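Engineer: Respectively, the protein sequence lines represent chains Y and B. Counting from 456, one number per residue, gives the positions in the first sequence under the working numbering. Counting from 8, one number per residue, gives the positions in the second sequence under the working numbering.
Be aware that a few hints might be false.
[As the list claims (entries may be wrong)] Cβ-Cβ distance ranges computed for the label pairs, FRET-style:
| # | chain 1 | residue 1 | chain 2 | residue 2 | range |
| --- | --- | --- | --- | --- | --- |
| 1 | Y | 569 | B | 194 | 20 to 28 Å |
| 2 | Y | 669 | B | 98 | 28 to 36 Å |
| 3 | Y | 518 | B | 171 | 26 to 34 Å |
| 4 | Y | 575 | B | 224 | 56 to 64 Å |
Simulated from the structure, these hints should not be mistaken for laboratory data. Here the structure is a predicted model, which means the values were calculated and not measured. Yeah, the Cβ is synthetic: ideal placement off N, Cα and C, and Gly gets one too.
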Amino acid sequence: MTDRTVQVENLVVGYGGRPVLTDISLHINSNEVLCLIGHNGAGKSTLLKAIFGLVPHEGGRILFNGKPAVTEPRAMTMAGMSMVPEGRGVFPGMTVEETMSLGMWAAGVPEKARPERIEWVMSILPMMKKFYRTRAGDLSGGQQQMVSIGRALLSRPRCLLMDEPSIGLAPKLFQDLCGPIRELQQKTGMSILLVEQNVKEALKISDRVVVMKSGRMTWEGQPSELSDNKKLMELY
Amino acid sequence: MLFLQLLANGLQVGAIYALTAAGFSLIFGSTKIFHFAHGATFAIAAYLFHFALAGLGLHWTFAVAVAALSAVVFGVLLDRLMYAPIQRHEGSFFTVFVASFGIGIVVQNLLGSVFGRGFMSVSTPLSNSIEVMPGLYLSPLNGLAVVVAIVCFVALHFFMTHTFIGKGLRALSENPELVRTFGLSPRRLSTYAFALGSLLVVPGAIFTAAGTGINPAVGHHVMLISLAATIVGGIGSLRGAACAGLLIGVAENLAMWKLGTQWSEAITFAILFFFIIFKPSGFFGRATVS
Numbered sequence: 456m457t458d459r460t461v462q463v464e465n466l467v468v469g470y471g472g473r474p475v476l477t478d479i480s481l482h483i484n485s486n487e488v489l490c491l492i493g494h495n496g497a498g499k500s501t502l503l504k505a506i507f508g509l510v511p512h513e514g515g516r517i518l519f520n521g522k523p524a525v526t527e528p529r530a531m532t533m534a535g536m537s538m539v540p541e542g543r544g545v546f547p548g549m550t551v552e553e554t555m556s557l558g559m560w561a562a563g564v565p566e567k568a569r570p571e572r573i574e575w576v577m578s579i580l581p582m583m584k585k586f587y588r589t590r591a592g593d594l595s596g597g598q599q600q601m602v603s604i605g606r607a608l609l610s611r612p613r614c615l616l617m618d619e620p621s622i623g624l625a626p627k628l629f630q631d632l633c634g635p636i637r638e639l640q641q642k643t644g645m646s647i648l649l650v651e652q653n654v655k656e657a658l659k660i661s662d663r664v665v666v667m668k669s670g671r672m673t674w675e676g677q678p679s680e681l682s683d684n685k686k687l688m689e690l691y
Numbered sequence: 008m009l010f011l012q013l014l015a016n017g018l019q020v021g022a023i024y025a026l027t028a029a030g031f032s033l034i035f036g037s038t039k040i041f042h043f044a045h046g047a048t049f050a051i052a053a054y055l056f057h058f059a060l061a062g063l064g065l066h067w068t069f070a071v072a073v074a075a076l077s078a079v080v081f082g083v084l085l086d087r088l089m090y091a092p093i094q095r096h097e098g099s100f101f102t103v104f105v106a107s108f109g110i111g112i113v114v115q116n117l118l119g120s121v122f123g124r125g126f127m128s129v130s131t132p133l134s135n136s137i138e139v140m141p142g143l144y145l146s147p148l149n150g151l152a153v154v155v156a157i158v159c160f161v162a163l164h165f166f167m168t169h170t171f172i173g174k175g176l177r178a179l180s181e182n183p184e185l186v187r188t189f190g191l192s193p194r195r196l197s198t199y200a201f202a203l204g205s206l207l208v209v210p211g212a213i214f215t216a217a218g219t220g221i222n223p224a225v226g227h228h229v230m231l232i233s234l235a236a237t238i239v240g241g242i243g244s245l246r247g248a249a250c251a252g253l254l255i256g257v258a259e260n261l262a263m264w265k266l267g268t269q270w271s272e273a274i275t276f277a278i279l280f281f282f283i284i285f286k287p288s289g290f291f292g293r294a295t296v297s
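Chain Y on its own, in the form it takes in the complex (with noise of 0.2 Å):
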């Protein structure tokens, strides 16, 4: 049996009284990304929310590293999760060496281990270092998507999710932010659960993909089956 990292079964999420997310189950394991795709509205980033613990589900369980999760995000980041939100992921008011410092005390990491935490972000995202000391409000937003990641890589995480992290960002850039992400992935084992509207450059990456459709799941293969359906990728 393949090593799970998240498992979801039946989860059932509502906002008040309406339902969100009906009876969802899913699976992501070790050493894969998992693309989330569908329409707006559909509930990726609710099913992402609630996996983190930052929407409450109603019905369902989610089990991190084969335990039942206790879905709070404090106890989430501390278990091993980190999520890139949707938009942008900073406080325009910090610096991001700031942002970096909050986002390792968040996470518990060791003072110890700090500077040489940074090193290894920075070893990843190499741009970091030219804007390290420059407040987040005054960066472009593709610095501000690669400060956003490079907080949510501080606690090396077994699991990342990602809420549509190419949104305001040129292909371009968001194929460089990929490939070193992908590469780590592939390196550290790590999984990630992406939602991305960006199917054509989220397929390259992934391993797994999931189609929904309001708050189903309605569809899930290998990116090569969803690409060679035509129907589906008209519709994506």
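Fit chain B to the known structure of chain Y by using the hints.
Structural biologist: Only chain B this time, still in chain Y's reference frame:
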């Protein structure tokens, strides 16, 4: 000489307002809780300092410790026992305001019942004024209040920029949802904001108790000034609250010079209205579009 006298008094009062306003601004900026009972924290700290020093005869350092502890405990308990449940049930801004206002009234009446409704002050060697120039009377408290305020603001700036809790509070003021995504607890940070914000009223409470004196309504007055200073300084800006507190303190005193004592409080609100009309974002606030 009257001008210099009023200016000196204004600087002392302004230093007290600046610290109190910074405390309110810190709490409101980080948690978005309209902590009207911040004035009650001021009154409790002032009365317990007075009680510890004059009533129990404790050494002034212990009296300061009693005032500081009581302020922090009161602020944190309010956050945990009143604001947290309201927020958990997604209570509105108005619910929080009314609850906080109610606590302020209850505390004012409790203090009045226990300590009496008249003015009280503690006389210390530092309270005695000496004539430094003909017609200019200064007490060591005048200078001490300004020095303590400067030390507190330097320490606060260091805390907010160099400690994880300080950075966490700044982050909370910008984006609470993102704070959760980082893996931090906004609730825990909120408690830190209340502890620190409440602690900032203590110097002002002590200087007021040892200077001009206190009555049960002192918190109410200080709260109104803090609120005005927070708006004039720019909501959520500690630097702005400090500058505005100082400005209001000096303006309040200088108003007596040309306009008469009855104008001293009105000038605060004249400044407030001026800013609301001509610069609604305040000294250091950022204009927002909703």
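Engineer: Give a verdict on every hint.
Structural biologist: Right, here's what the structure says about each hint:
1. For residue 569/Y and residue 194/B, the hinted distance range of 20 to 28 Å is satisfied, since their beta carbons lie about 25 Å from each other.
2. As the Cβ distance of residue 669/Y to residue 98/B is approximately 33 Å, the hint placing it in 28 to 36 Å holds.
3. Range check, residue 518/Y to residue 171/B: about 31 Å between beta-carbon atoms, so the 26 to 34 Å window is met.
4. Range check, residue 575/Y to residue 224/B: Cβ separation about 58 Å, and the 56 to 64 Å hint holds.
Checked against the numbered hints above, the structure violates none of them.
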